[in-house]
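J.: Residues per chain, in single letters:
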Amino acid sequence: MTGDDDAAITADGLRKRYGAVQAVDGVSLSVRRGEFFGLLGPNGAGKTTTLEILEGLREPDEGTATLLGERPWPRNPRLLPRIGVQLQASAFFERLTAREQLATFASLYGVGLRRAEEMLARVGLAEFAGTQAERLSGGQAQRLSIACALVHEPELVFLDEPTTGLDPQARRNLWDLLREINADGRTVVLTTHYLDEAEILCDRVAVMDHGRLLRTGAPAALIRELDAPTRISVPSGALSVDEARTVLGEGAQTTDDGVSLVFATRSPASVLALLGERGALNGLEVRGGTLEDVFLHLTGREYRE
Amino acid sequence: MKAFFSLSRALLVSNSRDRTWLFFTVLFPLMFLLLFGVLFKGGATAHSTVLQVGPVRVLDSMTAAQRAELGRTLTVRRDDDLADALRKVRDGTDDGALQQTGSGQLLLHFSAGDQTRAATVQGLVQVVVQQTDQEATGRPPAWTLTTAQVEDQSVKPIQYLTPGLLGWAVATSGTFSAALTLVAWRRKRILRRLRLAPVGLSGVIAAPTAVTLLVALVQTAVFLGVATLPYYGLRLTGDWWLAVPLVLSGSLCFMSIGLLAGSFAKTENAAQSAAQLIVLPMAFLSGSFFPLDYAPGWVQDVAQVMPLHHLAAAMQDVLSRGKGVDAALPTIGGLLALAAVLCVVSLRLFRWDDT
Ligand SMILES: Nc1ncnc2c1ncn2[C@@H]1O[C@H](COP(=O)(O)OP(=O)(O)O)[C@@H](O)[C@H]1O
Ligand SMILES: [Mg+2]
Chain A
1 MTGDDDAAIT ADGLRKRYGA VQAVDGVSLS VRRGEFFGLL GPNGAGKTTT LEILEGLREP
61 DEGTATLLGE RPWPRNPRLL PRIGVQLQAS AFFERLTARE QLATFASLYG VGLRRAEEML
121 ARVGLAEFAG TQAERLSGGQ AQRLSIACAL VHEPELVFLD EPTTGLDPQA RRNLWDLLRE
181 INADGRTVVL TTHYLDEAEI LCDRVAVMDH GRLLRTGAPA ALIRELDAPT RISVPSGALS
241 VDEARTVLGE GAQTTDDGVS LVFATRSPAS VLALLGERGA LNGLEVRGGT LEDVFLHLTG
301 REYRE
Chain B
306 MKAFFSLSRA LLVSNSRDRT WLFFTVLFPL MFLLLFGVLF KGGATAHSTV LQVGPVRVLD
366 SMTAAQRAEL GRTLTVRRDD DLADALRKVR DGTDDGALQQ TGSGQLLLHF SAGDQTRAAT
426 VQGLVQVVVQ QTDQEATGRP PAWTLTTAQV EDQSVKPIQY LTPGLLGWAV ATSGTFSAAL
486 TLVAWRRKRI LRRLRLAPVG LSGVIAAPTA VTLLVALVQT AVFLGVATLP YYGLRLTGDW
546 WLAVPLVLSG SLCFMSIGLL AGSFAKTENA AQSAAQLIVL PMAFLSGSFF PLDYAPGWVQ
606 DVAQVMPLHH LAAAMQDVLS RGKGVDAALP TIGGLLALAA VLCVVSLRLF RWDDT
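Protein chains in written order, with the working numbering: chain A, 1 to 305; chain B, 306 to 660.
Simulated from the structure, these hints should not be mistaken for lab results. Beta carbons: idealized from backbone N, C-alpha and C, even for Gly. Treat the hints with care, since some could be wrong.
[Claimed, not checked] Label-pair restraints from in silico Cβ distances:
no.	chain 1	residue 1	chain 2	residue 2	range
1	A	131	B	333	27 to 35 angstroms
2	A	70	B	649	28 to 36 angstroms
3	B	653	A	33	33 to 41 angstroms
4	B	654	A	22	23 to 31 angstroms
5	A	131	B	642	40 to 48 angstroms
6	A	61	B	654	21 to 29 angstroms
7	B	649	A	210	41 to 49 angstroms
Using the sequences and the accompanying hints, generate a full structural model.
T.: Here you go:
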C-alpha cells in the first residue's frame, strides 16, 4: 500500500490486543495533509493505543500504517524529525525549568536555542521560563509539553488528550493554540473524549468505541446525516404537557422535567408556532443534533465521559 | 553526539539540584572516611608494648639510638616478675612478654585474645631478632632502614581505608545512578519520549554513564584530597595516578551491574533496593571497611570473586605501596571485561517502555 502524496496518514486494518483486551480492533483511516483530525471516544476506547501504533511506539498485531510516506515501525529515524508527539501523560526531566526542558528537546532535534525561546513565548510560557516543570499548573504543563512536541517544526503533530483535566478557561486558551498550530499548515491529530472539543476544533472526526471506528467525517456532516430531532425547550410550566401533546400529536416528543419543557421534533416550525401563539417564547432554547446524539445513535447508549 | 551532550547536561543539572543525590554520592562516603579515619587513627600501628622478663641480650645490647628508633613502634618495659608480666599480657595491659630461655633462645608470651595485637607484636619482635642476627653475622647494621621497613609493612589505616572506602563509594554511585536514571526515565516516560526523538539508544545510555564517570572522578579527587591532609597522613607513592583508570573501569563495571539490576526493576525503589542488596554485602565481603587479613578463610575466598575487592586491592597497591602498571592492568582488564559482558546482557534486556 502506498499513500498518495496528499495523505499524511493512512492506516489499514490496525489491530492490537493486550491479553484479553482487544484494544484496537481493525482501525482504518486516512488523514490529509493540513487536516485537523480528531479521534473521539470514551475512556478505554483505544485512542491512545491507535495513536501509539501510528507514532511507531507499538507494533500492531495486524495491519499497516504509513505516515508521510514512511513506515513508523520499526523505529524509523527518517520519520522521527518530521513528527511531533505530545504524550497523554507529560514526560519531563526532573527538576529542569521550562526553558531547560525545551532547550534539551531542541538540541535533541538539532534545533537552535533561539527557536526554543520563541516556542516558549508562542505557548505563552515566557514568564514561566525559569519555573521547574513540576511546579507548573496543569494547563502550563500541557503547553510546555506541546511546545516540546513542536520545537522542531514537525509536519505532523499528535496530541493525546491535551485538554483533559484543565479548567474551562485553560481549555479554551489551549484550543486557540491548537488552531494556530493547524493554521501554520501542520497536520494535527488529536484524541479527545470531549464531544464539544471535537466538534469545535476538528475538520473531521472518527468516532471510536471498543477499539473500532464507528463513523468518520466532518462533525457537521455526521450530525446532519443523523437527521436528529431538533430540541426546543422553554421554562417548565409555560404550557401543560397534555395540551402540547394534544396540539402537536406525533409531531413532537414532549417531556417536562420540572425545570424545562422539552420538545424533540423534526418539524420545529409547528412547535415554534404553537409556543408563539401561547406567548410562551420567553427563555426559548433551540438546539440541533450534536455529536452526543451521533454517539448515542451509533452505540445505542449515552455517551459517558 | 549532540543528543549525548544535551542529555548529559540535562542530567547533570537535574542531579545537581537534588540534595539527596549530592549527599549520597559525595558527602556520605566522605563522612565514612572522616569517621573511620578518626576512629582507626593509629589503630593498626598502635604502639605495642613488650615486657622484658629478666635479661634479654638482643634488647640489652642496643645502643641508645637504636632504642629510640625502636621506641617509635615498640615500647619495652622491664618486669622481672614473670607471673605479673603474664597476667598483664593476659588482661591486655601489655602485648607480649619476652624471656631469654637460653643462649640464642627467646620465648615470647602473647595473648590470643586480640589477634591483631598478637600478630603485630610477633612481627615486631621477629624484626628485632632478625636485625640482631644480621649484626651477629657481621653484615652492616642498618637499624634506621629496618625500622622504616617495619612501618611500611604495617599498613596504616588510612592506607586501606582510602582505597576501600573510595572503592565502595564508586561502587555505590556506579550501581545506583546509571540504573536509577534509566528506571526513572522509563517510569516517567522520558524514555518513551526520547524514543520518538531522533536519538540513538547509545546516546541515551551514554549520558548517564558519562555523568557517573564524572562523579567517580570527583569522588576520587575529594577522597585523595582529604586522605592526604596531614591529619590523615596518606602519602601517595609513584604511580598513584593509576587510581584514575582503576576508578573509571571500576565505575563502568558497577554501572553494568546496576544496569542489569535496573533492567528487572519496575520502580526506582526496587532498583535502589536491588543495588543496595548487591553493594553493601559486597563491600563487607571485599574488606572495604576493614582489612580481611584476620577474617575467616571462606570470606577471603569469597573476596577473590568480588570485583570491589580487586578494585580496592589494586588501588591500595598503586596509591600507597609504590606499585605500578603491572599491579593495575590485570584489575583494569578484569573490571572492563566484566563490564562488557554485563552490558551486552543488559542491552538485550533493555526496554524503552514498561509495557
Ligand atoms: N499497556 C497496556 N496493557 C494492557 N492493557 C492496556 C494497555 N494499554 C491500554 N490497555 C487497555 O486497552 C484498552 C484501550 O486503551 P487506550 O488505548 O488507552 O484507550 P483510550 O486512550 O481511548 O482511553 C483499555 O481497555 C485499556 O485498559
Ligand atoms: Mg488515552
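J.: Would you mind marking each hint as holding or not holding in the structure?
T.: Each hint tested on the structure:
| no. | hint | verdict |
| --- | --- | --- |
| 1 | 131(A) with 333(B): 27 to 35 angstroms | 30 angstroms, holds |
| 2 | 70(A) with 649(B): 28 to 36 angstroms | 31 angstroms, holds |
| 3 | 653(B) with 33(A): 33 to 41 angstroms | 40 angstroms, holds |
| 4 | 654(B) with 22(A): 23 to 31 angstroms | 29 angstroms, holds |
| 5 | 131(A) with 642(B): 40 to 48 angstroms | 47 angstroms, holds |
| 6 | 61(A) with 654(B): 21 to 29 angstroms | 23 angstroms, holds |
| 7 | 649(B) with 210(A): 41 to 49 angstroms | 43 angstroms, holds |
Against the hints set out earlier in the document, no violation occurs for any number.
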